[in-house]
Each structure stands twice: as C-alpha cells, then as structure tokens.
Amino acid sequence: MRRPPRVPLPDERRGGFVVIFVVFMLFAISVMGATGYIVVSSEFQMSKYDAQGAEALTVARAGLERFVAEQIGVVGDSVSYALGDGVALVTTRKLFAADSVTDYYYIRAEGTVADIFSPNTPARRIVGAYAIHRKRPLAHHAAVMIAATRIDVANGGQARGIDQNSSGDCQGGGASDITGAIATTTVTEASGSDVEGSPQWETWSGGWSAMLDSIGLRWDVLSDPNFPVEFQNTLPTLAHSRRTRSHSCVTQDGCSRASADAES
Amino acid sequence: MSHAFLVQNQYYATQTLRTGAQDNVRVATELMAREIRNTAENGVIVAGKRTLTIRSPIVVGVFCNRQWASDGDGDIHTEGGQARLDTVEVAGIAIRTSTSWTYRNAEWSYINGNDNNSARDCADNGADTAWAASEFHRIGRLNLLFSPSPNEGDVVMLFRETTYKIQTSVLDPTTLGLFRGTYGAALIEFATGIDTTAQFQYRTTGSTYSDTISGSGLANINAVRLVADARKPAPTGGQDAITFGWSVNVALRNIR
Chain G
271 MRRPPRVPLP DERRGGFVVI FVVFMLFAIS VMGATGYIVV SSEFQMSKYD
321 AQGAEALTVA RAGLERFVAE QIGVVGDSVS YALGDGVALV TTRKLFAADS
371 VTDYYYIRAE GTVADIFSPN TPARRIVGAY AIHRKRPLAH HAAVMIAATR
421 IDVANGGQAR GIDQNSSGDC QGGGASDITG AIATTTVTEA SGSDVEGSPQ
471 WETWSGGWSA MLDSIGLRWD VLSDPNFPVE FQNTLPTLAH SRRTRSHSCV
521 TQDGCSRASA DAES
Chain F
165 MSHAFLVQNQ YYATQTLRTG AQDNVRVATE LMAREIRNTA ENGVIVAGKR
215 TLTIRSPIVV GVFCNRQWAS DGDGDIHTEG GQARLDTVEV AGIAIRTSTS
265 WTYRNAEWSY INGNDNNSAR DCADNGADTA WAASEFHRIG RLNLLFSPSP
315 NEGDVVMLFR ETTYKIQTSV LDPTTLGLFR GTYGAALIEF ATGIDTTAQF
365 QYRTTGSTYS DTISGSGLAN INAVRLVADA RKPAPTGGQD AITFGWSVNV
415 ALRNIR
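Top to bottom, those sequences are chains G and F.
Take the position in the first sequence, starting the count at 1, then add 270; the result is the number in our numbering.
Take the position in the second sequence, starting the count at 1, then add 164; the result is the number in our numbering.
It is possible that part of the hints are untrue.
[Claimed, not checked] Beta-carbon label-pair distances, calculated as ranges:
#1 I342(G) <-> R284(F): 51 to 57 Å
#2 S262(F) <-> A409(G): 47 to 53 Å
#3 N386(F) <-> G303(G): 26 to 32 Å
#4 D483(G) <-> R389(F): 22 to 28 Å
#5 Y274(F) <-> S370(G): 34 to 40 Å
#6 I290(G) <-> A349(F): 56 to 62 Å
#7 N315(F) <-> N435(G): 28 to 34 Å
#8 F294(G) <-> R389(F): 44 to 50 Å
#9 S493(G) <-> Y274(F): 55 to 61 Å
#10 Y319(G) <-> R248(F): 22 to 28 Å
#11 D375(F) <-> G323(G): 31 to 37 Å
#12 Y319(G) <-> R182(F): 20 to 26 Å
[Said to hold, decoys possible] Some chain G residues near chain F, calculated using beta-carbon distances under 7 Å:
#13 F297
#14 A298
#15 R331
#16 R363
#17 L365
#18 A367
#19 A368
#20 Y374
#21 G398
#22 Y400
FYI, nobody ran anything at the bench for these hints, they're computed from the structure.
All figures in this text were calculated on a predicted structure; none of them were measured in a lab.
Every residue gets a Cβ at the ideal spot worked out from N, C-alpha and C, and that includes glycine.
Please put together the full structure from these sequences, using the hints given.
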C-alpha cells in the first residue's frame with residue numbers, strides 16, 4: 271500500500287511575512303490614494319464655490335444695471351430678475367427729495383446662485399448704487415386738451431381746470447387753476463354743460479405736434495425707431511463702463527447714476 | 165518594513181510642509197487681493213517695494229440732511245447703518261465732487277455725530293425710512309474738514325487706510341512675514357514663512373511692473389502684483405527647503 275504524498279508544512283521561519291507586508295502596502299497605497307482624492311476634491315469644491323460667488327456678483331451687477339436701464343416712470347419698491355443660473359433681487363429706497371422733480375435713491379441688488387447640492391446656502395453677493403431720479407412731469411395746460419379742431423361739451427358734460435383739493439389734502443394740492451379745455455379752432459359749451467378754468471378755454475392753432483411739444487412729451491424719442499441707443503446688441507468697453515460708474519450717466523428716461531458701487 | 169514606515173513618514177512630513185507653505189501664501193494673497201482690488205480712485209498712498217498703503221471704501225453714502233450750515237453736521241444713509249460699520253477701521257471721510265474724491269483723514273470718534281434723530285430729519289427731506297431707521301446716521305465737524313462743507317445730496321465715502329508691509333517675521337525670524345495695519349494701529353503679522361524674494365510691484369502703463377512708484381505716479385497705478393514666494397525648512401532627513409513660488413496680479417477696479 272502506497273503512502274499518500276506528504277503535504278509540506280509552512281516554513282515556520284517565514285511566519286507569513288510577505289502576506290503581512292503586501293496587506294500593509296495595500297493599506298498604505300489606499301491611504302495615499304484617499305488623501306490625494308480628498309485634496310483634489312477639496313480643490314474642486316473651492317473652485318466651484320469661487321465660480322458661483324463670481325457669478326452671483328455678476329448677477330447682482332447685471333440686475334442693478336438692468337433696473338436702472340429699464341426704469342421709467344414711478345420707481346418701484348422691488349423687482350427680481352432671473353439671470354443666468356441665478357436671481358437678482360433689486361430693491362430701492364428713496365433717500366432725499368432735492369426738489370419736486372428730483373429724488374435720490376439707493377438701489378440695492380442682491381445676486382444669488384444656488385448649488386444643487388446645497389440649495390439652502392446659495393452664493394450671495396450684494397451691490398448697491400446711489401441714483402438720482404429726475405422726473406419729467408408733463409405740463410398741464412388744460413383739463414381737456416385735444417389736437418382736433420373742436421371740443422363740444424354736451425349737456426351734462428363738465429370740463430374743469432380747477433384743483434378740487436387743498437395743499438392740506440395732498441402734496442401738490444391747491445394748485446393754480448388751469449384752462450378748462452383747449453382745441454385747435456373751437457370750444458363750445460352746450461346748455462347744461464360746464465366748462466371752467468383760467469381761462470375757461472383756449473384755441474391753439476399749431477396742430478398736434480406743437481401741442482405735444484408744449485406738454486413736454488418726447489414724441490421724437492417714443493416714435494423714432496432709429497433713436498440712438500448706447501450699446502444696443504453690443505457690450506460697452508470696459509474703460510467706458512468704469513468711467514460711468516463714478517461719473518454721471520444719464521439714461522434715456524433721465525435717471526442718472528451718481529456714485530460708485532458699494533460692494534460687500 | 166521599517167523602511168516603508170520611514171518613507172511614509174517622510175512623505176507625510178513633506179506633504180504637510182508643502183501644504184502649509186502653499187496655504188500661507190495663498191490665504192495671505194487672497195486676503196490682500198480682496199482688499200487691494202477695492203482701492204479707491206487716487207487711493208494708493210505709498211507704493212514701495214516692501215510697503216504698500218492704500219485707501220479703500222468701507223461704505224458709500226448720501227447726505228440726506230444738512231443740520232446747520234455753520235457746523236458741518238449732517239445725516240447720511242449707508243447700507244446697514246452703523247451696525248454694519250467697522251468703526252475701528254474708519255480712517256477718514258471723502259466727498260465726491262463731479263470729477264474726483266476729496267479725502268480727509270479722521271477717526272470715527274471725531275466725525276461721529278451721535279444723534280438719534282437722523283432718520284426723522286431725513287424723512288422730513290423726503291427719505292423713506294420705514295424699516296431702515298438704523299441706516300441713517302449723523303456725522304459732524306465736516307466744516308473743519310471740508311471747505312465748503314458738503315451739501316444735501318452729496319455722495320460721501322467712509323474709507324479705511326491699510327498698510328501692508330513685508331518684513332522679518334516675528335513668529336519665525338528666519339523668514340519674512342506679511343504684516344497688515346489699519347490707520348493708527350500697529351502692524352499685525354498675518355502670514356509668515358515668506359521667502360526673501362517677496363515684494364510688491366506696480367503697473368502704471370502697458371504690461372511693465374516696477375518695484376517703486378514715486379508720488380506723482382501713484383494716481384496712475386492700475387495694477388498691483390504681490391510676489392510672495394513661500395519657504396519652509398527641510399523636513400527631518402530632507403535635503404532641501406520646501407519652496408513654493410507664488411505671485412498674484414490684482415487689477416484695481418477704480419482705475420481711470
């Protein structure tokens with residue numbers, strides 16, 4: 271009967287040294303790899319947050335510029351614009367009424383850009399500017415003013431150029447009487463109607479263009495499709511943009527910037 | 165096996181030193197760049213190889229009320245009001261004319277008007293002070309600083325004056341350090357381990373940078389370069405010091 275082959279025993283002198291060494295080296299390499307990954311990941315996150323901060327600042331500035339450019343008429347309290355990957359919230363605060371047609375405002379624009387992984391803590395930048403709002407009220411010549419040849423105030427109709435309020439009722443109340451009605455050739459007051467004012471009525475023979483000019487309406491601006499607009503479909507040069515940031519820049523509606531940006 | 169441990173230890177020691185060297189200069193230059201970028205128009209006061217002093221705006225405001233014509237007291241609106249103002253850093257006040265800023269140095273305690281009626285007085289002049297009464301504040305003694313003293317509607321700026329200096333480090337005298345000091349205050353070291361090659365450079369025209377700009381050329385500086393090479397002594401068993409070359413160009417925002 272043959273004896274089974276003898277299974278060699280481990281060399282007790284080696285004691286599994288190679289296995290331990292390989293495991294240790296694998297551990298060391300893993301640690302080095304993890305360290306490298308963390309370093310690269312941190313750099314990537316910092317770069318991303320930095321880019322989002324820069325974008326938030328751009329959004330804030332763009333929102334402020336857009337608000338100023340689009341401003342016409344009554345200045346609103348707040349407005350928000352979706353710009354790029356962010357939102358610009360623009361708010362205004364009236365600071366000073368220099369006179370009846372000139373107000374100083376502080377315009378604050380807050381730009382936010384949210385990260386999809388941390389939507390509750392978006393990148394946030396705030397810019398502000400001081401602006402002078404120059405109102406251009408239309409001249410009030412009459413209660414009724416038309417460029418047609420005649421006004422016929424029928425029975426029961428009224429045209430009164432008389433301020434019904436006093437200065438105590440509201441700001442600007444108690445104004446002087448103005449003309450009741452103006453037409454180019456004729457104003458008639460039918461029986462049972464009432465046309466009052468100072469004077470009661472007038473006839474202006476200059477036609478509609480003269481009338482529009484007289485009330486201060488910039489019809490040439492509103493109707494001219496070729497009215498020159500700065501930087502339409504083109505970006506302004508950087509040098510010019512910087513100049514306008516500190517000097518006055520009068521926009522089409524008569525709103526002029528007065529100070530440098532305050533950034534935080 | 166012991167050799168593997170030693171190599172690992174050497175590796176981590178070198179990496180730690182390298183990270184420290186990089187962080188030192190990167191953080192320092194980022195802080196500096198943020199402040200220098202906001203340098204006001206004509207705001208560079210000293211532009212030397214190892215010293216830089218600038219004026220930068222803390223906040224910009226508008227006069228909404230002039231209290232009395234003779235003593236130069238008036239009320240201003242600023243974003244956030246005094247609560248958001250680091251009054252310790254206030255180095256003075258500037259008035260905007262149609263073409264430039266007029267600067268006057270004065271500490272906050274000198275121009276602080278300490279009046280509780282600013283919002284009311286500005287409201288009398290048409291200001292909307294709802295939910296923002298604390299954003300209106302009185303400042304005074306402007307008749308002693310400006311002639312004539314400012315009017316309602318004038319734009320004002322409270323500014324800081326900051327000095328940066330590269331000199332021997334207090335924390336590690338074998339290297340240089342970057343120091344920062346506000347108006348009237350001592351210099352404080354906020355970055356150490358900087359190599360002897362560190363310096364400031366300035367650009368006035370084209371792409372050429374100079375080490376020093378004389379007084380007449382200060383207004384023409386449109387960019388500042390900070391060369392801040394970092395240096396750490398060699399780790400135990402290492403041969404060479406750990407160095408990290410670093411420089412930052414900062415274009416000034418309010419250049420003309």
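For each hint, the structure was consulted:
| no. | hint | result |
| --- | --- | --- |
| 1 | I342(G) <-> R284(F): 51 to 57 Å | 32 Å, violated |
| 2 | S262(F) <-> A409(G): 47 to 53 Å | 30 Å, violated |
| 3 | N386(F) <-> G303(G): 26 to 32 Å | 46 Å, violated |
| 4 | D483(G) <-> R389(F): 22 to 28 Å | 58 Å, violated |
| 5 | Y274(F) <-> S370(G): 34 to 40 Å | 37 Å, holds |
| 6 | I290(G) <-> A349(F): 56 to 62 Å | 60 Å, holds |
| 7 | N315(F) <-> N435(G): 28 to 34 Å | 33 Å, holds |
| 8 | F294(G) <-> R389(F): 44 to 50 Å | 48 Å, holds |
| 9 | S493(G) <-> Y274(F): 55 to 61 Å | 56 Å, holds |
| 10 | Y319(G) <-> R248(F): 22 to 28 Å | 24 Å, holds |
| 11 | D375(F) <-> G323(G): 31 to 37 Å | 32 Å, holds |
| 12 | Y319(G) <-> R182(F): 20 to 26 Å | 23 Å, holds |
| 13 | F297 | 10 Å, violated |
| 14 | A298 | 6 Å, holds |
| 15 | R331 | 12 Å, violated |
| 16 | R363 | 6 Å, holds |
| 17 | L365 | 5 Å, holds |
| 18 | A367 | 3 Å, holds |
| 19 | A368 | 5 Å, holds |
| 20 | Y374 | 6 Å, holds |
| 21 | G398 | 5 Å, holds |
| 22 | Y400 | 5 Å, holds |
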